[in-house]
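Enquirer: Listed below, chain by chain, are the residues.
Number of protein chains: 2
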Amino acid sequence: MWRSRGVVARALGARGRPRGTGTARCSGPAALQDLAVPNGSWSAAMREHYERLLRRTADGSWRRVPSYRNGLDHFPAAAKRGTGTRLFLRSTDTEGAGFEYVTFVHGAGNRALCLCQPGPYLEGHSGFMHGGAIATIIDTTLGTCALEAAGSVMTAKLSIDFLAPVPLGSVVLVDGGVDRRDGRKIFLSCQVRGAAGDTLHAEATALFIQLDAAKSPPAACLTP
Amino acid sequence: MWRSRGVVARALGARGRPRGTGTARCSGPAALQDLAVPNGSWSAAMREHYERLLRRTADGSWRRVPSYRNGLDHFPAAAKRGTGTRLFLRSTDTEGAGFEYVTFVHGAGNRALCLCQPGPYLEGHSGFMHGGAIATIIDTTLGTCALEAAGSVMTAKLSIDFLAPVPLGSVVLVDGGVDRRDGRKIFLSCQVRGAAGDTLHAEATALFIQLDAAKSPPAACLTP
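Order-wise, the sequence lines are chains A and B. Throughout the first sequence, residue numbering follows this note's numbering, covering 1 to 224 in sequence. Throughout the second sequence, residue numbering follows this note's numbering, covering 1 to 224 in sequence.
It should be emphasised that the hints constitute simulated quantities derived from the structure, not laboratory data. Where hints are given, some of them may not hold.
No copy labels: a pair is met if it fits in one copy or bridges any two.
No more than 20 Å apart at the CA atoms, straight line, and that leaves these computed lysine to any residue pairs for SDA-like [unchecked claim]: (1) K157 <-> D175; (2) K185 <-> L163; (3) K185 <-> A164; (4) K157 <-> T199; (5) K185 <-> S43.
Quick caveat: nothing in here was measured; it's all calculated off a predicted structure.
Bound conformation, chain A alone (with noise of 0.2 Å):
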């Protein structure tokens, strides 16, 4: 499976990538543009939660981590591997149709704070984001927050409890974090509640292998 740190870290796409806009290479000819910033599709509920988390990242504590259209977007050197793929939270292209969302990991690491707003084009039942659409923002959320910890992972597990709907338009926070470390094992859970803390939506355990960097990057694609 997947072995190369390479490979995983542009995936999950948390780091190794200065912010802000620069010369495009996966993503086309447009400028790269770090989505994981306000729009004029987001609330006044995810942006007054966005600049509460903001403020958390003056003293250099927290993070924000960029999120690009390409997970190899985040990765100067992966310049040669665009293969016309989508980081599968950024498959949608107009602003708040899919997933909007922004991370925030702790400096030290073993904390990541998601904040969320599902779009329309996320629906399960009827009004509310498909069960799958919320495994999606945990395992994204967790596998942040391991390969901040750790580096290089991959999900080998992942259990989620759904307690609650989550509404199309509402704004919620996936609080995630470590919670022990068994040699290459990262034992992870988070919650997922309304951004003000109102209703507990979900909560998840997790289990990441750190891999190996020194074995060899899965077969290549058949990426039609």
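Chain A is already provided as a structure; the job is to place chain B on it using the hints.
Expert: Below, chain B without anything else, positioned relative to chain A:
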């Protein structure tokens, strides 16, 4: 949480609507399009396995499940509920870019087979399907199975072991079924294998709750 049989049935969209085209309601002015049929993006392997599964429907023991852009399109009575939303798995317009999938259910309930060709917009690790996308197709397949077995349902727990990466553009088969029932609890499990049966990509267990159709649907959503 979700209590309305109608709400859940619409969201899971597994039955209650004739196949083929018809008058558009929730999807806009275009004719209603069943997307769970071959299109130009399907690989030879996807078509081959689709034809193989389709032959099982000849004697009526299995049934192909139609799939529309919006979950509400499965149910004529849902016309007035259109919200501009989209079923998460059908959020990508470009054929082949997102989830290409078709589900077959056993006429007696208790088993579902979902054939899936993940497109390049579902990327997590470079060249491979995002863990959240895998969780999404699992949740959908088991939800369809639970709906077939018990009517209105909701996911309460989902636990996934990721065993081998799923290459973008490959074809996988999610083979899921009901293991047991305990009152309103429906316990299910599935395996995700390469469609040829060669690779075991993931295993999962899930708990779905049969809903009380007499209860009210959840509060109106805050769709932006």
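Enquirer: Please sort K185 with L163 into within, between, both or neither, judging by C-alpha distance up to 20 Å.
Expert: between (27 Å within a copy, 15 Å between copies)
Enquirer: Which holds for K157 with D175 at a C-alpha limit of 20 Å: within a copy, between copies, both or neither?
Expert: Answer is both: 18 Å inside a copy and 19 Å across each meet the 20 Å cutoff.
Enquirer: Treating 20 Å as the Cα threshold, decide for K185 and S43: within, between, both or neither.
Expert: The answer is neither: 38 Å in one copy and 37 Å across copies each exceed 20 Å.
Enquirer: Within a copy, between copies, both or neither: which one fits K185 and A164 at a CA-CA cutoff of 20 Å?
Expert: Classified as between: cross-chain Cα gap 17 Å, same-chain 30 Å, threshold 20 Å.
Enquirer: As a check of your reading, is K157 near T199 (CA-CA no more than 20 Å) within one copy, between copies, both or neither?
Expert: Between copies only: 18 Å across, 25 Å inside.
This entry does not satisfy hint 5, going by the numbered hints stated previously; all others are met.
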